[in-house]
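S.K.: As a plain string of letters, each chain reads:
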Amino acid sequence: DTGVSQDPRHKITKRGQNVTFRCDPISEHNRLYWYRQTLGQGPEFLTYFQNEAQLEKSRLLSDRFSAERPKGSFSTLEIQRTEQGDSAMYLCASSSQGPGELFFGEGSRLTVL
Amino acid sequence: EDKVVQSPLSLVVHEGDTVTLNCSYEVTNFRSLLWYKQEKKAPTFLFMLTSSGIEKKSGRLSSILDKKELFSILNITATQTGDSAIYLCAVGMEYGNKLVFGAGTILRVKS
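Those sequence lines, one after another, are chains W and R. Anchor point for the first sequence: position 2 equals 2 in the working numbering, and the numbering is continuous, going up by one each time. Anchor point for the second sequence: position 15 equals 1015 in the working numbering, and the numbering is continuous, going up by one each time.
The set of hints was computed from the structure by calculation and includes no laboratory data. Glycine included, C-beta positions come from ideal geometry on N, C-alpha and C. Some hints could be false.
What the simulated footprint calls covered on chain W by chain R, stretch by stretch (three residues with Cβ under 8 Å from a Cβ of chain R suffice, anywhere in the stretch; the number is not a length) [what the hints assert, rightly or not]:
1) 7-18
2) 75-83
3) 100-107
Below, computed lysine to aspartate or glutamate pairings styled on EDC-like, alpha-carbon distance capped at 20 Å [as the list claims (entries may be wrong)]:
4) K1040(R) to E52(W)
5) K57(W) to E1001(R)
6) K71(W) to E56(W)
7) K1041(R) to E101(W)
8) K1003(R) to E106(W)
9) K1037(R) to E1069(R)
10) K1037(R) to E52(W)
11) K1068(R) to E1015(R)
12) K1037(R) to E1001(R)
13) K1068(R) to D1083(R)
14) K71(W) to E44(W)
15) K57(W) to D1002(R)
16) K1056(R) to E56(W)
17) K1067(R) to D1017(R)
18) K1040(R) to E56(W)
19) K1037(R) to E78(W)
20) K57(W) to E1094(R)
21) K1041(R) to D24(W)
22) K1041(R) to E44(W)
DEER-style ranges, computed between Cβ atoms [claimed, not checked]:
23) T1028(R) to G3(W): 41 to 47 Å
24) G100(W) to S1084(R): 36 to 42 Å
25) E1001(R) to A53(W): 24 to 30 Å
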């Protein structure tokens, strides 16, 4: 499968714990995006990388959130000191040009108890 | 603030019906409007529209953009149960790299 892959697909954690999600984009795509989706809402933009550079961050991304793409390939999204309001689907997407067609992964669903 | 509004929020139709989904937007520096279909997994791309009045078609699905009135419609003819999904509209801006999504329209097609 040469699509966007995300891991883990599901994560249940207790409030206050740290979690990390990984995204492997389509290999020839240099643009990588993280979005968050809650029930009944469309995806909300979190952050964008072009190669290894993080070029745009939403104000939704509090200081508990950090994202990296160290070698311009895979990316990680870490949430520190999780809160119940962080429960959502975290979607990763990649593209070769933007902001056009994005190819989404199947998401990492986070449940904070 | 950039805004994308979809209507209706949900609808239920019978197989064979034709449906029209609406998307209106208020954004700065519009560049493109995209439609995605989301079943239980990742959103999958349907159309990207950048020019007014030019219909894009793919099988039973078609879409058109009106940049003067700031809206787009997605038509699905001869609906099938496999069309049941959430249909998302998103807008890309000339400057910046994000897409702004609407909340989606939930379509359920009954057999």
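S.K.: If a hint holds in the structure, say so; if it does not, say that too.
M.R.: Hints, one by one, checked against the model:
1. 7-18: violated (count 0)
2. 75-83: violated (count 0)
3. 100-107: holds (count 8)
4. K1040(R) to E52(W): It is violated: about 30 Å lies between the C-alpha atoms, which goes past 20 Å.
5. K57(W) to E1001(R): Distance ~16 Å between K57(W) and E1001(R) Cα, so the pair holds.
6. K71(W) to E56(W): holds, 17 Å
7. K1041(R) to E101(W): Since the Cα atoms of K1041(R) and E101(W) sit roughly 17 Å apart, the hinted pair holds (cutoff 20 Å).
8. K1003(R) to E106(W): violated, 25 Å
9. K1037(R) to E1069(R): violated, 24 Å
10. K1037(R) to E52(W): Violated, at about 29 Å.
11. K1068(R) to E1015(R): violated, 33 Å
12. K1037(R) to E1001(R): violated, 25 Å
13. K1068(R) to D1083(R): This hinted pair is violated, its Cα atoms lying about 30 Å apart.
14. K71(W) to E44(W): violated, 25 Å
15. K57(W) to D1002(R): Roughly 16 Å separates the two Cα atoms, so the pair holds.
16. K1056(R) to E56(W): Measuring from Cα to Cα gives roughly 31 Å; hence the hint is violated.
17. K1067(R) to D1017(R): violated, 28 Å
18. K1040(R) to E56(W): violated, 28 Å
19. K1037(R) to E78(W): violated, 28 Å
20. K57(W) to E1094(R): With a Cα-Cα distance of about 17 Å, the restraint between K57(W) and E1094(R) holds, given a limit of 20 Å.
21. K1041(R) to D24(W): holds, 16 Å
22. K1041(R) to E44(W): Since the Cα atoms of K1041(R) and E44(W) sit roughly 16 Å apart, the hinted pair holds (cutoff 20 Å).
23. T1028(R) to G3(W): 41 to 47 Å: For T1028(R) and G3(W) the Cβ distance comes to about 32 Å; the hint is violated.
24. G100(W) to S1084(R): 36 to 42 Å: violated, 27 Å
25. E1001(R) to A53(W): 24 to 30 Å: Roughly 26 Å apart at Cβ, these two residues keep to the hinted range, so it holds.
Of the numbered hints stated above, those contradicted by the structure are hints 1, 2, 4, 8, 9, 10, 11, 12, 13, 14, 16, 17, 18, 19, 23 and 24, listed in ascending order.
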